[in-house]
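Chain A is already provided as a structure; the job is to place chain B on it using the hints.
Protein chains in written order, with this note's numbering: chain A, 1 to 589; chain B, 590 to 778.
In case anyone wonders, no lab produced these hints; they're calculated from the structure.
Note that the structure is predicted; figures quoted are calculated from it, not measured.
Glycine residues also receive a C-beta, built at the ideal position from the N, C-alpha and C atoms.
Each hint should be verified, as a subset may be incorrect.
[What the hints assert, rightly or not] Straight-line alpha carbon distances no greater than 25 angstroms define the calculated SDA-like cross-link-like pairs of lysine to any residue that follow:
1. K126/A / S181/A
2. K109/A / V658/B
3. K668/B / E165/A
4. K668/B / S192/A
5. K668/B / E350/A
6. K761/B / P346/A
7. K761/B / S344/A
8. K668/B / L167/A
9. K700/B / K109/A
10. K668/B / G160/A
[Stated by the list, open to error] Take a look, some chain A residues computed to stay more than 12 angstroms from chain B by CB distance:
11. S15
12. P62
13. P91
14. N127
15. S162
16. S173
17. E235
18. S293
19. R390
20. N391
Listed below are the residues making up each chain.
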Amino acid sequence: MAQSFPEDVLEHVFSFLNYDKDRNAVSLVCKSWYEIERLCRRRIFIGNCYAVSSEIVIRRFPDVRAVELKGKPHFADFNLVPEGWGGYVYPWIVSLARAYPWLEEIKLKRMVVTDESLELISKSFKNYKVLVLLSCEGFTTDGLASIAANCRNLRELDLGESEVEDLSGHWLSHFPDNCTSLVSLNISCLGSEVSFCALERLVARCPNLKTLRLNRAVPLEKLPNLLCRAPQLVELGTGAYSAEIQSDIFSNLAEAFLGCKQLKGLSGFWDVVPAYLPAMYSVCSRITSLNLSYATAQNPDLVHFVSQCSNLQRLWVLDYIEDTGLEALAASCKDLHELRVFPSDPFDAEANVSLTEQGLVAVSEGCPKLQSVLYFCRQMSNAALVAIARNRPNMIRFRLCIIEPRAPDYLTLEPLDTGFGAIVENCKELRRLSMSGLLTDRVFEYIGTHAKKLEMLSIAFAGDSDSGLHHVLSGCESLRKLEIRDCPFGDKALLANATKLETMRSLWMSSCSVSFGACKLLGQKMPRLNVEVINERGLPDSRPESCPVEKLYVYRTIAGPRVDMPGFVWTMDEHVSSRLSRVTERRGD
Amino acid sequence: MAHENELNLKATELRLGLPGTDESEDMVSTAKNNKRASPESLEDSGSEANSAAKSGDHETSSASKTQIVGWPPVRSYRKNNLQSKKAESETGMYVKVSMDGAPYLRKVDLKVYNGYPELLVALENMFKLSIGEYSEREGYEGSEYAPAYEDKDGDLMLVGDVPWDMFMSSCKRLRIMRGSEAKGLGCAV
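If we strip away everything but chain B, and leave its shape as in the complex, we get:
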């Protein structure tokens, strides 16, 4: 499953190297660069880290903050037990799926799928199209269609950026966009 592998790779990616060579704009690396400030200026490095945290709040959506695998250290069992209640009461698992150009919408039950690969295959089958491979940098670059979703805040997000559980609890509706229109969604902030 290419999507799964990509997500895993991203999670295990080591972000080392000299400051400036680090291309990822994930929260972790931003904070890490600030942390390499000299120990003497602890106050400075502290405030830098804090302002990085603050600017992180504004620049990136709260979704990208949770991209750190296994953090905070809450066991999946516990996450699932709390999640299912919230998901059922707040968003409902059946979400509408629209496709650009299609005459009517469809509905899918997100609970039925264990992860992104299954969902994407289901969408491909339902609409008879191909979605292609996800990558963090390029989104679904090169595909005819790209899957997007509207989240709790009403923003249009690219499917695949956040952990599956997070996606399940924040996805309000799905929208399959033409690849040409979806270009803007493919880049991390």
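Chain A on its own, in the form it takes in the complex:
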């Protein structure tokens, strides 16, 4: 049956398949489908840059237009991955430059990107369009200048929340006068001031600009100049949202916002002066996405502004919103899909705001479409979690961070096993879960039993024994990413579930009880896993086999052990026993 369709018909049919899962499925049907599919795949997503080599990718897919790569493990966001660990994109860029002259898009997350890489990108591709750098580091504004200067048809430049060495704001002026193609520009992570004239002219000559996220240095008084030149904006990130209280600044701002009829998303709001929030009231009813997580405004200004946005779908906000604000949100924003509440003072043991579990319960009650939650708070109860689970069986992402590690149910002083158990039992579509508070092995039993669609699980300061880890690894059928810190999980569960690890993207374990010996065994048993041990203190002197590793990162790969590891990272494979015995040599490194 497959052979009865000519190739170009199949190719045309396949062109409607955009999801990797579908394309992968199609390529497994038969050899000819595999061949046709690989020749027409245009987008590649590589969730772990060390899982595959560029050579393998290029050999299979000869004509790719868009590449997405992820480097460091997620816990790198919280400084758990030491400097120099890896995730270098340069070798990839070199290969891609050689193989895909028509490459248009590169999206990178948690990778080390150098100015050299950026320059190579800017000069290697004839029709380069999209550069997205999320949580990346290693480059300076000089690299950005190359991109601006050389990419004639640049559509999207998104610097995400990258760490950029800001040498000067001059790079923006490198966009040539005939560059009119920008659709999306996000420079919010940059510290220094870009030339406002250059920015104004750039915005004015790009009629398709839909997303503009400014950096803090762009003053509020100048915002109207940009808005007037880009009334078609759909997403706006303001600069610092503060100025002296002057009526002309306010009226200019209000008038400019009035002209933005397409605006759906707002972000920025650094140093917010609440008196200027009403200037945006004219757009509030159309706003679906609001990121106030850098806005240090408090109630009532804060809640009053948020309540104006009746069509809100996504809200990111600081805990200044408090329980009262969340109750108001629950009453006015019935379309809410996603809520993230960040801590304004994460290191203070005492609560500085009145935000408790009540706020989250209220939102779970009032917002029927709520499916994605990230919530930082200082107290939680099983009763609240059970209520949330019962209210929102449609929950897909649930990340709860109770600031104090191992904090029990504040009402009963019990562990929060029952509460999280209710979450996984009721929310059958749950794909991502982060837990905190006092948790025993029991919660992992619930998770293994019920969380069948769970893809990513984050655990910290939880569990009593290996059986906790065993429940998760043996029960969670859809698990792709597991990250664990400071839990008493050791060798037994890991080794008993070795084959499970090949079905996952990666496993991270830090400050647990896994021994060097077990890692070695795992590496030897599973040749298609890279079992990487991170030990900043070097290899152990005495009794190396039983000594616990500081950090362990295990991931499946078809590229073999990596060759760019720093001195404190070892791949545990069959060669490692000789390395362990040459310990005295190593310690000289």
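Chain B only, in chain A's frame:
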């Protein structure tokens, strides 16, 4: 940079072993020991953990609670963005530095430094003295001078105990003490 390495080691130190052999008085290990209570007495272990948390509040300053690397899980980008506002508005980055025996004080801009090593080198140069290596247990044991600072609560603290960001936002003034006087500051509570 010896100081940096020491701080990193402390952060990655595994606190395993039988109860009683654990010497660190960090919050984490205290709670961990309580957690090893048998599952049957969940209520007990819960309340133990809670009282450990409470006594932790009184015994250790809030500063030591934040010594857990990467907890709470807030990205540095976010921390820095909120921090710089608070730091500028509450404490100011220029702090006075006094040295025992010196006729006049100096001022340093904390923002200029990326971390403890740089700050200490700058102080060493400014006052022409040597400060030596930091260790969690011994402080600056054996050095001629030890750096201390006055925090938001007015307490005299040893430089180097808390993460740099935390130090920046809580440091009101610096004081370089003679090593002999600084002995008391060197021990964790």
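Hint by hint, here is what the structure shows:
1. Simply put, K126/A and S181/A have alpha-carbon atoms about 15 angstroms apart, close enough for the 25 angstroms limit, and the pair holds.
2. Our distance criterion of 25 angstroms between C-alpha atoms is met by K109/A and V658/B, whose separation comes to about 22 angstroms.
3. Proposed proximity of K668/B and E165/A is supported: the alpha carbons are some 18 angstroms apart, at most 25 angstroms.
4. Our distance criterion of 25 angstroms between C-alpha atoms is met by K668/B and S192/A, whose separation comes to about 18 angstroms.
5. Between K668/B and E350/A, the direct Cα distance comes to roughly 18 angstroms. Compliance with the 25 angstroms bound is thereby established for this hinted pair.
6. Annotation: proposed proximity of K761/B to P346/A holds, straight-line Cα distance about 20 angstroms (limit 25 angstroms).
7. With a C-alpha separation of about 21 angstroms, the suggested pairing of K761/B with S344/A holds against the 25 angstroms cut-off.
8. For the hint pairing K668/B with L167/A, the CA-to-CA distance comes to about 22 angstroms; that is within 25 angstroms, so the pair holds.
9. About 28 angstroms separates the Cα atoms of K700/B and K109/A, which puts this hinted pair outside 25 angstroms; it is violated.
10. Under the criterion of a C-alpha separation no larger than 25 angstroms, the hint pairing K668/B with G160/A is consistent with the structure, at around 16 angstroms.
11. No beta-carbon of chain B comes within 12 angstroms of the beta-carbon of S15/A; the shortest separation is about 38 angstroms.
12. No beta-carbon of chain B comes within 12 angstroms of the beta-carbon of P62/A; the shortest separation is about 38 angstroms.
13. The Cβ of P91/A lies farther than 12 angstroms from every Cβ of chain B, with a closest approach of about 26 angstroms, so its non-interface assignment holds.
14. Every CB of chain B lies more than 12 angstroms from the CB of N127/A, the least distance being 32 angstroms, so the non-interface label holds.
15. In this structure S162/A is not separated from chain B by more than 12 angstroms, as the shortest Cβ-Cβ distance comes to only about 8 angstroms.
16. Distance check on S173/A: its Cβ is at least 26 angstroms (rounded) from any Cβ of chain B, clearing the 12 angstroms threshold; non-interface status holds.
17. Residue placement check: E235/A keeps its beta carbon more than 12 angstroms from all beta carbons of chain B (closest about 19 angstroms).
18. Listed as a non-interface residue, S293/A fails to keep its Cβ farther than 12 angstroms from every Cβ of chain B; the least gap is roughly 7 angstroms.
19. Even its closest Cβ contact with chain B, about 23 angstroms, leaves R390/A beyond 12 angstroms, as expected for a residue assigned away from the interface.
20. The beta carbon of N391/A is kept farther than 12 angstroms from every beta carbon of chain B, the shortest such distance being approximately 25 angstroms.
In summary, the numbered hints that this structure violates are 9, 15, 18.
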